[in-house]
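**Student:** In this text, residue positions in the sequence shown follow my numbering: the first is 44, and each later residue adds one.
Since the hints were derived computationally from the structure, they do not count as laboratory data. Certain hints may be false.
[Claimed, not checked] Within a straight-line C-alpha distance of at most 25 Å, the following computed BS3-like cross-link-like pairs (lysine-lysine) qualify:
hint: 1; residue 1: K141; residue 2: K236
hint: 2; residue 1: K59; residue 2: K232
hint: 3; residue 1: K104; residue 2: K125
hint: 4; residue 1: K99; residue 2: K59
hint: 5; residue 1: K56; residue 2: K104
hint: 6; residue 1: K59; residue 2: K207
hint: 7; residue 1: K224; residue 2: K107
hint: 8; residue 1: K56; residue 2: K99
hint: 9; residue 1: K172; residue 2: K59
hint: 10; residue 1: K104; residue 2: K59
hint: 11; residue 1: K58; residue 2: K141
hint: 12; residue 1: K130; residue 2: K203
hint: 13; residue 1: K141; residue 2: K56
hint: 14; residue 1: K172; residue 2: K197
hint: 15; residue 1: K141; residue 2: K107
hint: 16; residue 1: K197; residue 2: K170
hint: 17; residue 1: K141; residue 2: K125
hint: 18; residue 1: K232; residue 2: K141
hint: 19; residue 1: K141; residue 2: K59
hint: 20; residue 1: K224; residue 2: K141
hint: 21; residue 1: K126; residue 2: K99
hint: 22; residue 1: K104; residue 2: K207
hint: 23; residue 1: K56; residue 2: K207
hint: 24; residue 1: K236; residue 2: K59
hint: 25; residue 1: K56; residue 2: K203
hint: 26; residue 1: K141; residue 2: K170
hint: 27; residue 1: K58; residue 2: K99
hint: 28; residue 1: K172; residue 2: K203
hint: 29; residue 1: K172; residue 2: K141
hint: 30; residue 1: K224; residue 2: K125
hint: 31; residue 1: K170; residue 2: K130
hint: 32; residue 1: K197; residue 2: K59
hint: 33; residue 1: K207; residue 2: K125
hint: 34; residue 1: K130; residue 2: K104
[To be verified] Between beta-carbon pairs, the in silico distance windows are:
hint: 35; residue 1: S105; residue 2: M264; range: 41 to 47 Å
hint: 36; residue 1: E212; residue 2: E262; range: 42 to 48 Å
hint: 37; residue 1: D73; residue 2: T213; range: 23 to 29 Å
hint: 38; residue 1: K126; residue 2: G259; range: 49 to 55 Å
hint: 39; residue 1: S76; residue 2: P255; range: 56 to 62 Å
hint: 40; residue 1: S76; residue 2: F223; range: 35 to 41 Å
Even for Gly, the Cβ is constructed at its ideal location relative to N, Cα and C.
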Amino acid sequence: MSVLVYTESEEGKFKKTAYEVVSYARGIADMMSTTVTAVAVNAEETASLGTYGADKVVHIKSDKLNAFTANAYAAALTEVAKKEASKVLVLSSSANAKYLAPLLAVDLEAGYASNVVALPESEAPFKVKRTAFTNKAFNHTEITTDVKIIGLSKNSFGLKEAQKDATEETFEPSLDDSQFKVEVQSVDKVKDKVTIADAEIVVSGGRGLKGPENWGMVEEMADILGAATACSK
44 MSVLVYTESE EGKFKKTAYE VVSYARGIAD MMSTTVTAVA VNAEETASLG TYGADKVVHI
104 KSDKLNAFTA NAYAAALTEV AKKEASKVLV LSSSANAKYL APLLAVDLEA GYASNVVALP
164 ESEAPFKVKR TAFTNKAFNH TEITTDVKII GLSKNSFGLK EAQKDATEET FEPSLDDSQF
224 KVEVQSVDKV KDKVTIADAE IVVSGGRGLK GPENWGMVEE MADILGAATA CSK
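Could you put together the complete structure from these sequences and hints?
**Tutor:** Take a look at the structure:
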């Protein structure tokens with residue numbers, strides 16, 4: 044009964060959030076005296092997950108999953124969760140993960156707590172601390188279902204090295220056409236820029252800029268800091 048953690052990657056490269064959710068899963072596993080199983084999809088350098096506490100990596104390799112499709116990813120992760128008999132699943136709070144988690148909750152008859160910012164306060168009852176009201180307050184949520192899904196708020200736990208020699212197995216999920224109701228034909232992304240979703244620093248402009256002709260100074264500052272840009276008005 045290992046803690047299962049979904050590690051997101053993009054073009055085969057793990058995002059920082061992947062290592063953060065593994066670190067968090069390691070913390071829960073230590074509380075429960077169990078192991079951590081990380082699930083990766085078409086990723087490279089899967090051994091790096093062991094650095095942050097994964098005991099085992101289940102590597103899903105499928106050309107069908109090169110583009111994120113929520114129903115198909117949920118079906119694949121559900122298969123792994125049942126195979127591993129996992130009672131706790133950990134995901135990030137990315138847009139894809141927030142789309143994925145409710146589907147997993149239905150498939151696994153699980154309770155789902157999003158925006159979690161700390162390790163569980165207790166194991167029985169299973170209580171977690173979450174942000175509420177657009178991060179203006181906290182609440183303490185008890186998950187009463189047998190299977191529990193946690194969405195970890197970004198940058199709330201950090202990276203904690205645990206140095207495990209993770210074993211790896213390749214897994215091929217049973218996927219059919221019904222799980223691919225949406226076809227991704229192309230994806231256009233901004234290159235060489237930090238996105239809001241991944242940024243640790245954000246440079247924001249507002250009415251004080253007066254007009255769009257002054258926006259360049261915001262972008263210049265963002266480039267210097269390695270930050271994303273935002274606008275309040």
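**Student:** For every hint, state whether the structure bears it out.
**Tutor:** Hint check:
{"no.": "1", "hint": "K141 / K236", "result": "holds (23 Å)"}
{"no.": "2", "hint": "K59 / K232", "result": "holds (18 Å)"}
{"no.": "3", "hint": "K104 / K125", "result": "holds (18 Å)"}
{"no.": "4", "hint": "K99 / K59", "result": "holds (19 Å)"}
{"no.": "5", "hint": "K56 / K104", "result": "holds (14 Å)"}
{"no.": "6", "hint": "K59 / K207", "result": "holds (18 Å)"}
{"no.": "7", "hint": "K224 / K107", "result": "holds (12 Å)"}
{"no.": "8", "hint": "K56 / K99", "result": "holds (18 Å)"}
{"no.": "9", "hint": "K172 / K59", "result": "holds (22 Å)"}
{"no.": "10", "hint": "K104 / K59", "result": "holds (21 Å)"}
{"no.": "11", "hint": "K58 / K141", "result": "holds (16 Å)"}
{"no.": "12", "hint": "K130 / K203", "result": "holds (23 Å)"}
{"no.": "13", "hint": "K141 / K56", "result": "holds (20 Å)"}
{"no.": "14", "hint": "K172 / K197", "result": "holds (14 Å)"}
{"no.": "15", "hint": "K141 / K107", "result": "holds (21 Å)"}
{"no.": "16", "hint": "K197 / K170", "result": "holds (19 Å)"}
{"no.": "17", "hint": "K141 / K125", "result": "holds (21 Å)"}
{"no.": "18", "hint": "K232 / K141", "result": "holds (20 Å)"}
{"no.": "19", "hint": "K141 / K59", "result": "holds (17 Å)"}
{"no.": "20", "hint": "K224 / K141", "result": "holds (19 Å)"}
{"no.": "21", "hint": "K126 / K99", "result": "holds (13 Å)"}
{"no.": "22", "hint": "K104 / K207", "result": "holds (23 Å)"}
{"no.": "23", "hint": "K56 / K207", "result": "holds (20 Å)"}
{"no.": "24", "hint": "K236 / K59", "result": "holds (15 Å)"}
{"no.": "25", "hint": "K56 / K203", "result": "holds (19 Å)"}
{"no.": "26", "hint": "K141 / K170", "result": "holds (20 Å)"}
{"no.": "27", "hint": "K58 / K99", "result": "holds (19 Å)"}
{"no.": "28", "hint": "K172 / K203", "result": "holds (19 Å)"}
{"no.": "29", "hint": "K172 / K141", "result": "holds (17 Å)"}
{"no.": "30", "hint": "K224 / K125", "result": "holds (24 Å)"}
{"no.": "31", "hint": "K170 / K130", "result": "holds (14 Å)"}
{"no.": "32", "hint": "K197 / K59", "result": "holds (10 Å)"}
{"no.": "33", "hint": "K207 / K125", "result": "holds (24 Å)"}
{"no.": "34", "hint": "K130 / K104", "result": "holds (24 Å)"}
{"no.": "35", "hint": "S105 / M264: 41 to 47 Å", "result": "holds (42 Å)"}
{"no.": "36", "hint": "E212 / E262: 42 to 48 Å", "result": "holds (45 Å)"}
{"no.": "37", "hint": "D73 / T213: 23 to 29 Å", "result": "holds (27 Å)"}
{"no.": "38", "hint": "K126 / G259: 49 to 55 Å", "result": "holds (53 Å)"}
{"no.": "39", "hint": "S76 / P255: 56 to 62 Å", "result": "holds (57 Å)"}
{"no.": "40", "hint": "S76 / F223: 35 to 41 Å", "result": "holds (39 Å)"}
Checked against the numbered hints above, the structure breaks none of them.
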